[in-house]
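Novice: If you're matching them up, the sequences are chains A and B in order. In terms of the numbering used here, the first sequence opens at residue 7 and continues consecutively. In terms of the numbering used here, the second sequence opens at residue 7 and continues consecutively.
It is worth saying that the hints were derived from the structure and are not from the lab. The reader is advised that the hints may include incorrect statements.
Pairs involving identical chains hold if they fit within one copy or between any two copies, as the list cannot separate such chains.
As the list claims (entries may be wrong) - DSSO-like mimics (lysine-lysine), calculated; alpha carbons at most 27 Å apart, straight line:
1) K398 to K165
2) K344 to K430
3) K365 to K165
4) K148 to K398
5) K431 to K165
6) K365 to K344
7) K345 to K430
8) K431 to K64
9) K148 to K365
10) K148 to K345
11) K430 to K26
12) K365 to K345
13) K295 to K398
14) K365 to K294
15) K165 to K241
16) K430 to K148
Quick caveat, the model's predicted, so the values are computed rather than measured.
2 protein chains.
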Amino acid sequence: MKMIDRLPGYSGRVRDILEKLDVGVGCRIRIILGGNIFIEGLLMPKHEFSASDTIIVKLSNGYNIGVSINNIQNIEVCECISTPHTGRESQIDIATSLPMVKIFGCGGTIASRVEYETGAVKPAMTPSDLLDLIPELAEFAKYESEILFNILSEDMTPKHWEVIAENVYRAISSGVEGIVITHGTDTMSFTASALAFALRNLPFPIALVGSQRSSDRPSADAALNLIAAVITTLKAPFGEVVVVMHSTPSDSNVFVHRGVKVRKMHSSRRDAFQSINDLPLAKVDLHKKELSLINSRYIPRANSREEVIASVGFDDRVALVKAYPGFQSEIIDFLVDKKFHGIVIEGTGLGHIGSHVTKSIMRAIEEGIPVVMTIQTLFGRVNMNVYTTGRKLLEIGVIPGDDMLPETAYVKLSWIVSQTREIKKVREMMMTNYVNEINPVHTPQHFLKPFIG
Amino acid sequence: MKMIDRLPGYSGRVRDILEKLDVGVGCRIRIILGGNIFIEGLLMPKHEFSASDTIIVKLSNGYNIGVSINNIQNIEVCECISTPHTGRESQIDIATSLPMVKIFGCGGTIASRVEYETGAVKPAMTPSDLLDLIPELAEFAKYESEILFNILSEDMTPKHWEVIAENVYRAISSGVEGIVITHGTDTMSFTASALAFALRNLPFPIALVGSQRSSDRPSADAALNLIAAVITTLKAPFGEVVVVMHSTPSDSNVFVHRGVKVRKMHSSRRDAFQSINDLPLAKVDLHKKELSLINSRYIPRANSREEVIASVGFDDRVALVKAYPGFQSEIIDFLVDKKFHGIVIEGTGLGHIGSHVTKSIMRAIEEGIPVVMTIQTLFGRVNMNVYTTGRKLLEIGVIPGDDMLPETAYVKLSWIVSQTREIKKVREMMMTNYVNEINPVHTPQHFLKPFIG
């Protein structure tokens, strides 16, 4: 039996002192600095970035603080019975009966730390580091972890989606009972959509999870989101690719969003992710550690892991183009000249673009490039039958994107044209509802609420 | 004194019958079709599209219905005392003391009607037609109206913004006391931003108004939005360009949004317009016909109409480009090759784009093309200091767009480069807060509320 290190990251003199006190990570300690000044909190693991002579403590306000032993007069142990870490050690035998969850690391803030020399955040932490930081995870499952890449979210490409999809597929085949993917939040919904199309008939939900705060900032949401993601992949009744993120700025609830219907709607808030034109599938109550369904429209888990339908290719010659007043039609001409394989337009209103662009779009379609229309209002549905410009676009063969998010339509078209370039087939597939990326019925609940009556 | 036609659009036999009954538009009539079947409602004006032998009646459910006189057994007059139209006639003398409001027609659904032969909506109605349809407007002001163009919203271009701005400027100088602009909703927020930059120090608010329903559909919101727009331009304490649109799907309230901070967020709902990163400036209660302030941060009315600062030029060589995983840097290269005058990127997260694009952006800036970064999350603020990619973009000279909407930043850059192409000056102007397009303080109220706790 491999002994678990109770003092990960600690070495030298600091380690000696802590070992003498018989404390481990998770113990509550009081550090006396002299006089009446003391610091009380949970002993935390130490990372390579912090100086070797410091002790890291999580205060009750959530802040992590590092204290140099040179400033310490004394250390008292307040509580060390059944600390998470000793708990984990004693559970190692029991643990064999727990399900196996695979955690794939794909970078992002959830796996990042502050680069102290510059103050900027850089990816650094491995999934196993995360387990050290979040001992509560041990109660739900055993874990295997694998870093697929350690990149910032904005550097994701369709090629990365393929690598993730292939690895997820292999993990499902290998027999794991849950999969969690840590990912940067910027482009998480794109990757979630990609996996949703690439792998269907899933035996359990694939949970993408991220953090809007780096793990050593006070209100690190990484831990709570990760716990919720593990609960989701193990307990949820649906077999869909989901995004598991905070539902409010508070710590109690996390939403499980359908991957193809979610969007990052705020650059920095913890509850930045919002389902668009759909309800979240479920919420996770972190106090009760319970998942409850919100949305009755979901794809149930497949009965066996052999049923997964995998089609993991993505074409990187699709463009997502936004319409605006004065849009220069030469941009479409350029994409046609460069023989792009598909164009998704983020149109105005019900799915429009200036009528001066129609000719260029017509040329694109004539040259075998499928053009899909979506809406920049995000909420609502394409309806190109209402106005003359829209009807003209339909006539020349523009494919209406229904209520799909522009981002989802972009990923879907990239997935489709990697399989076929025949425009009739592309249209048929684009309009097929594979994984609830199209919601045929909208209710007022699906729209954002105005702040005031 | 010019007699006002009490039966606009009616002619021949139908007009004879109605004149004999001494009814006018706005009278409540009961049309007996035979047996116990009758239709009761308000007599409405008739438009060129409806057959010459029909009478148009607005039912209590809001629907307009046309009844051929060939099917009519009898017509009873229910109520015709102090109808709005007779009211207007008697007010003509009083009216001279009312303020003058200028209504500019720029097309869109608010000025459109169903094209009966195809079922599609086509622009057709003049502002004076709107006055016929909405007699309540007469209580607030006298009106001058002018159709600047009759185009669909998606066909607006920077050149149209210039024409509108010039006309608005002339109208202010001419002495009117309020200005309302009817406009298609698709690109209304772009035009509102354009006018906000083009004309500053306004003596009263310029109110853009539209409709999410064409005027002969049941829940036509045109009337209510227009009344609210007139109340706003006449009564509001601010001198800003605003968008006046329904705040909820119900009929009671209308929001007055700051033009540079509003966005169409739903393709079809009546309450599609939402202020982003800001509160609406005010709301109008349509029952009480009162405007109440919501936002204390506003630019007050200028003391005199001579103080207006006009700078009405817009450059149509600016592109608005959306970032996405796998974004092809050759799109930026193309804009540089084609010597575009400016590029606004709608970046991911806090203002990012794949690091493989940095080189092309650097070339753009080196060749004198300003590049502005905004966020596709819409809510929140650009912060390029947090991650390495963002800091690299700042280093090479990308201009951070703060909390400006991508659409507003696009219009602002178009406005700026029409005045100067000197990149240092462009940066300085881009970061100057001219008309509250930048909100330095966000509160939780500024974010959309999730539907569930």
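Novice: Next step is simple, just say for each hint if it's right about the structure.
Specialist: Right, here's what the structure says about each hint:
1. K398 to K165: between (35 Å within a copy, 24 Å between copies)
2. K344 to K430: Cα proximity of K344 and K430: one copy only (22 Å, versus 34 Å across).
3. K365 to K165: between (32 Å within a copy, 21 Å between copies)
4. K148 to K398: neither (57 Å within a copy, 40 Å between copies)
5. K431 to K165: Within one copy only: 23 Å inside, 40 Å across.
6. K365 to K344: both (17 Å within a copy, 20 Å between copies)
7. K345 to K430: Result: close within a single copy only, 18 Å intra versus 37 Å inter.
8. K431 to K64: Close neither inside one copy (56 Å) nor across copies (47 Å); limit 27 Å.
9. K148 to K365: neither (58 Å within a copy, 44 Å between copies)
10. K148 to K345: Neither: 48 Å inside a chain and 57 Å across chains, both beyond 27 Å.
11. K430 to K26: This pair counts as neither: shortest intra-copy Cα distance 73 Å, inter-copy 62 Å.
12. K365 to K345: both (17 Å within a copy, 23 Å between copies)
13. K295 to K398: Neither, since 53 Å and 41 Å both go past 27 Å.
14. K365 to K294: neither (58 Å within a copy, 50 Å between copies)
15. K165 to K241: neither (31 Å within a copy, 57 Å between copies)
16. K430 to K148: This pair counts as neither: shortest intra-copy Cα distance 47 Å, inter-copy 57 Å.
Checked against the numbered hints given earlier, this structure breaks hints 4, 8, 9, 10, 11, 13, 14, 15 and 16; the rest are met.
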